[in-house]
Amino acid sequence: MRIIVCAKHVTDSTEIRWDDERGEVVLRNLPTKISDYDRNAIEAAVVLKEQGDDVELEVVMVGGEAAVKTLKEAVAMGADKGYLVEGGWDDPFDPVRGARVLARAIEAIDDADLVMCGLVSEDGYNGITGAALAQLLERPYLAPVVGLEPGEETVRATLDLGDVLRTVETPLPCVLGIDSSMNVPRLPTVLQVMKVKGDRVGTLKLADLGLAPGALGELAGGVELAGLGSSAVERKRIVLEGAAEEAAAALVAALKEEGVL
Amino acid sequence: MAARVIVSAADVAGLRRVAEAARTLDGVERVEALALTGDDVVLAPAAAAVDEVATAVGGLADVVLACPGGGALRGDVWAAALQEAAAGGVDAVFLADAPAAREAAGRLSIALGAACASMCDEVTVDGDGALLVRRSVYGGVAAGTLRLGRSPAVCLFAAGVCEAAEAAPAPIEQRAAPAVPWDVVIVAEDTVEKTVDLPGARRVVSVGRGFQKADDLALAQPLVAALDAELGCSRPIAEDFKWLPKERLVGLTGSSVTADLYLALGISGQVQHLTGIKGARVVAAVNNDPKAPIVRNADYIIQADLYKVIPALVAALGGAS
Ligand SMILES: Cc1cc2nc3c(=O)[nH]c(=O)nc-3n(C[C@H](O)[C@H](O)[C@H](O)COP(=O)(O)OP(=O)(O)OC[C@H]3O[C@@H](n4cnc5c(N)ncnc54)[C@H](O)[C@@H]3O)c2cc1C
Numbered sequence: 001m002r003i004i005v006c007a008k009h010v011t012d013s014t015e016i017r018w019d020d021e022r023g024e025v026v027l028r029n030l031p032t033k034i035s036d037y038d039r040n041a042i043e044a045a046v047v048l049k050e051q052g053d054d055v056e057l058e059v060v061m062v063g064g065e066a067a068v069k070t071l072k073e074a075v076a077m078g079a080d081k082g083y084l085v086e087g088g089w090d091d092p093f094d095p096v097r098g099a100r101v102l103a104r105a106i107e108a109i110d111d112a113d114l115v116m117c118g119l120v121s122e123d124g125y126n127g128i129t130g131a132a133l134a135q136l137l138e139r140p141y142l143a144p145v146v147g148l149e150p151g152e153e154t155v156r157a158t159l160d161l162g163d164v165l166r167t168v169e170t171p172l173p174c175v176l177g178i179d180s181s182m183n184v185p186r187l188p189t190v191l192q193v194m195k196v197k198g199d200r201v202g203t204l205k206l207a208d209l210g211l212a213p214g215a216l217g218e219l220a221g222g223v224e225l226a227g228l229g230s231s232a233v234e235r236k237r238i239v240l241e242g243a244a245e246e247a248a249a250a251l252v253a254a255l256k257e258e259g260v261l
Numbered sequence: 262m263a264a265r266v267i268v269s270a271a272d273v274a275g276l277r278r279v280a281e282a283a284r285t286l287d288g289v290e291r292v293e294a295l296a297l298t299g300d301d302v303v304l305a306p307a308a309a310a311v312d313e314v315a316t317a318v319g320g321l322a323d324v325v326l327a328c329p330g331g332g333a334l335r336g337d338v339w340a341a342a343l344q345e346a347a348a349g350g351v352d353a354v355f356l357a358d359a360p361a362a363r364e365a366a367g368r369l370s371i372a373l374g375a376a377c378a379s380m381c382d383e384v385t386v387d388g389d390g391a392l393l394v395r396r397s398v399y400g401g402v403a404a405g406t407l408r409l410g411r412s413p414a415v416c417l418f419a420a421g422v423c424e425a426a427e428a429a430p431a432p433i434e435q436r437a438a439p440a441v442p443w444d445v446v447i448v449a450e451d452t453v454e455k456t457v458d459l460p461g462a463r464r465v466v467s468v469g470r471g472f473q474k475a476d477d478l479a480l481a482q483p484l485v486a487a488l489d490a491e492l493g494c495s496r497p498i499a500e501d502f503k504w505l506p507k508e509r510l511v512g513l514t515g516s517s518v519t520a521d522l523y524l525a526l527g528i529s530g531q532v533q534h535l536t537g538i539k540g541a542r543v544v545a546a547v548n549n550d551p552k553a554p555i556v557r558n559a560d561y562i563i564q565a566d567l568y569k570v571i572p573a574l575v576a577a578l579g580g581a582s
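Line by line, the protein sequences give chains Z and H. Mapping of the first sequence onto our numbering: position 242 corresponds to residue 242, and the numbering continues sequentially without gaps. Mapping of the second sequence onto our numbering: position 127 corresponds to residue 388, and the numbering continues sequentially without gaps.
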């Protein structure tokens, strides 16, 4: 069985700050990483590889030079090979374009029985890419996957739909959106990452995807970020002083005053 | 210019919400509500009859398009139904967020060559007739405005509330069942017992990594009881340590609260957590670090050891009642 996991190179979302004075989001010079939810997708795929006899596992990532390190980390989790699609962009708000590039990359690498994605991405949080990819590749999409059992010609997956856990079966090939609650992703050691040599990371240029330079614009879904503002809720920030008993009594009094007790 | 808008959702409340968003949009002439019907059941999971749907969108939608293929709601079937409904030309499709709705939105955006936006809180029209979407971005760090420069646009709305209207039911039009070229067979189905309602709770007491071990969470129990609150938690508690089930998680990957009181115990208040408590009326926090972000994002702060403060709070509440 062949598996391709789509993993995204993102800015660490816990480091992103809103700069009130400048009225902008500070994104420069921040650490980058594999999008959290894609680590769950890679983990699920690595588990299948460990359990199966003949599973080939590849990771595809879009991005520039900076993404090579991230890709190696992804491969070090247990993939056979990783592919970096060059010609990167960093627009988290256009999942349609992302899906169009990934679909071409998957076709260029050689098709897979299972294409696996994280349910959402850490930066865009759209939750659209997997489904758009399934539509482009013309195959079923199962999500949010919390249990997985691939067969010869079909795959069985348990989906967490909030009020029901539904187990479904659909023919291969198919696309899966992996829920973050499915597993706890392994952390590759520095040594494991270092051991990922050049022959385990390939690059795909836009030409390999049958795209002329500048064609990325044509793939765009027509979504642009037109404005940003603070999302902070103004709070009173009253610090209650004193020993524990005193402060506790003051809080209870304040909450009564607020009418919430 | 969004003259014709198709709206759809997995439940009646969601359908009302997107129908209202469409009806109040500048320049909209026609709103069509698409409902997937099962045997005689439409809209999973909150099964309702087609008449009920028609009543729910009365005054908002011009017509209810009833499409066989529902029952167990499938995103692929849904997308196909929407695509057929859009055949005559459509300017926007509004969907309410749900797992199947995300699949429908992703598929439909490709099928229609549409611009697609998720997590929409509010949609308006700019001077050129393009849709402007308000949504939170970068995990809640900022509020963003996205411009959808292409028609049609597919907008996936975040969960929200919408009052029921008193109006005549919308007329119902029966449509043919859409076809999908593969089977997705249901092998088993288990209903999940919901014992936790964080979004609906009036008071929430939430625990974070300030608690040193699982057993220590018991300390918070008397406080939860005294406040008649629901227990919530931060992500490390639910996902890394698994001390509490994920349904108690508050924040970006968990639930958003609308409580009158949110009490954060030993929670630092990272953006991903704060996103989930924006809707709380009063936020109180116990944290021994004066520099923790929660301090700037709470109304009342006790800067002390939670192991000492919690018993004192229980005593103060007991003495007060
Ligand atoms: C993509 C993504 C999504 C995420 N989604 C969520 C989400 O939905 N919800 C969520 O909560 N997090 C989420 N996170 C994680 C988030 O960034 C933080 O890591 C997390 O909220 C921290 O949890 P915490 O406050 O319990 O722990 P910490 O940040 O470790 O904070 C513990 C706090 O307890 C205080 N403390 C310690 N001891 C005591 C004591 N004795 N008395 C009083 N105070 C004490 C400390 O001062 C500290 O402020 C997400 C992260 C990512 C990357």
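These aren't lab readings, by the way, just hints derived from the structure by calculation. Warning: the hint list may mix true and false statements.
[Said to hold, decoys possible] Just the calculated beta-carbon pair ranges, DEER-fashion: (1) Gly151(Z) x Val453(H): 48 to 54 Å; (2) Val239(Z) x Ala449(H): 38 to 44 Å; (3) Pro497(H) x Lys69(Z): 24 to 30 Å; (4) Gly288(H) x Gly151(Z): 46 to 52 Å; (5) Glu313(H) x Arg186(Z): 44 to 50 Å; (6) Lys474(H) x Glu149(Z): 48 to 54 Å.
[Stated by the list, open to error] From chain H, some residues computed to sit far from chain Z (all C-beta separations above 10 Å): (7) Gly288; (8) Glu290; (9) Val457; (10) Arg557.
[Stated by the list, open to error] Mimicking EDC-like on lysine to aspartate or glutamate, the simulated pairs with C-alpha atoms at most 16 Å apart in a straight line are: (11) Lys474(H) x Asp566(H); (12) Lys49(Z) x Glu107(Z); (13) Lys205(Z) x Glu65(Z); (14) Lys539(H) x Asp521(H); (15) Lys455(H) x Asp160(Z); (16) Lys256(Z) x Asp477(H); (17) Lys569(H) x Glu245(Z); (18) Lys69(Z) x Asp110(Z); (19) Lys81(Z) x Asp36(Z); (20) Lys507(H) x Asp160(Z); (21) Lys455(H) x Asp163(Z); (22) Lys236(Z) x Glu257(Z); (23) Lys236(Z) x Asp521(H); (24) Lys503(H) x Asp476(H); (25) Lys256(Z) x Glu454(H); (26) Lys569(H) x Glu241(Z); (27) Lys507(H) x Asp458(H); (28) Lys569(H) x Glu246(Z); (29) Lys507(H) x Asp54(Z); (30) Lys197(Z) x Glu241(Z); (31) Lys539(H) x Glu234(Z); (32) Lys81(Z) x Asp110(Z); (33) Lys507(H) x Glu454(H); (34) Lys503(H) x Asp521(H); (35) Lys49(Z) x Asp163(Z); (36) Lys81(Z) x Asp160(Z).
The beta-carbon is built from N, C-alpha and C at its ideal position, and this holds for glycine as well.
Against the structure, the hints:
1. Gly151(Z) x Val453(H): 48 to 54 Å: This hint is violated: roughly 26 Å between Cβ atoms.
2. Val239(Z) x Ala449(H): 38 to 44 Å: 53 Å, violated
3. Pro497(H) x Lys69(Z): 24 to 30 Å: Check passed, 26 Å falls within 24 to 30 Å.
4. Gly288(H) x Gly151(Z): 46 to 52 Å: The hint (46 to 52 Å, Cβ to Cβ) holds, given that Gly288(H) and Gly151(Z) are roughly 51 Å apart.
5. Glu313(H) x Arg186(Z): 44 to 50 Å: 48 Å, holds
6. Lys474(H) x Glu149(Z): 48 to 54 Å: 35 Å, violated
7. Gly288: Its Cβ never comes within 10 Å of chain Z, the nearest being 18 Å, so this holds.
8. Glu290: 22 Å, holds
9. Val457: Val457(H) is indeed farther than 10 Å from all Cβ atoms of chain Z, at 12 Å.
10. Arg557: Nearest chain Z Cβ is 6 Å from Arg557(H), so the label is violated.
11. Lys474(H) x Asp566(H): Given pair Lys474(H), Asp566(H) holds - Cα atoms ~15 Å apart, limit 16 Å.
12. Lys49(Z) x Glu107(Z): 21 Å, violated
13. Lys205(Z) x Glu65(Z): 12 Å, holds
14. Lys539(H) x Asp521(H): 11 Å, holds
15. Lys455(H) x Asp160(Z): Holds, at about 13 Å.
16. Lys256(Z) x Asp477(H): 28 Å, violated
17. Lys569(H) x Glu245(Z): 9 Å, holds
18. Lys69(Z) x Asp110(Z): 24 Å, violated
19. Lys81(Z) x Asp36(Z): Judged against 16 Å, a Cα distance of about 20 Å means the pair is violated.
20. Lys507(H) x Asp160(Z): Holds - the C-alpha atoms of Asp160(Z) and Lys507(H) are around 12 Å apart, at most 16 Å.
21. Lys455(H) x Asp163(Z): Holds. Lys455(H) to Asp163(Z) sits at ~7 Å (cutoff 16 Å).
22. Lys236(Z) x Glu257(Z): With a Cα-Cα distance of about 14 Å, the restraint between Lys236(Z) and Glu257(Z) holds, given a limit of 16 Å.
23. Lys236(Z) x Asp521(H): This hinted pair holds, its Cα atoms lying about 15 Å apart.
24. Lys503(H) x Asp476(H): 12 Å, holds
25. Lys256(Z) x Glu454(H): 34 Å, violated
26. Lys569(H) x Glu241(Z): 14 Å, holds
27. Lys507(H) x Asp458(H): 12 Å, holds
28. Lys569(H) x Glu246(Z): 11 Å, holds
29. Lys507(H) x Asp54(Z): 34 Å, violated
30. Lys197(Z) x Glu241(Z): 57 Å, violated
31. Lys539(H) x Glu234(Z): 10 Å, holds
32. Lys81(Z) x Asp110(Z): 13 Å, holds
33. Lys507(H) x Glu454(H): 13 Å, holds
34. Lys503(H) x Asp521(H): 27 Å, violated
35. Lys49(Z) x Asp163(Z): 31 Å, violated
36. Lys81(Z) x Asp160(Z): Outside the cut-off at roughly 30 Å; violated.
Checked against the numbered hints listed earlier, the structure breaks hints 1, 2, 6, 10, 12, 16, 18, 19, 25, 29, 30, 34, 35 and 36; every other hint is satisfied.
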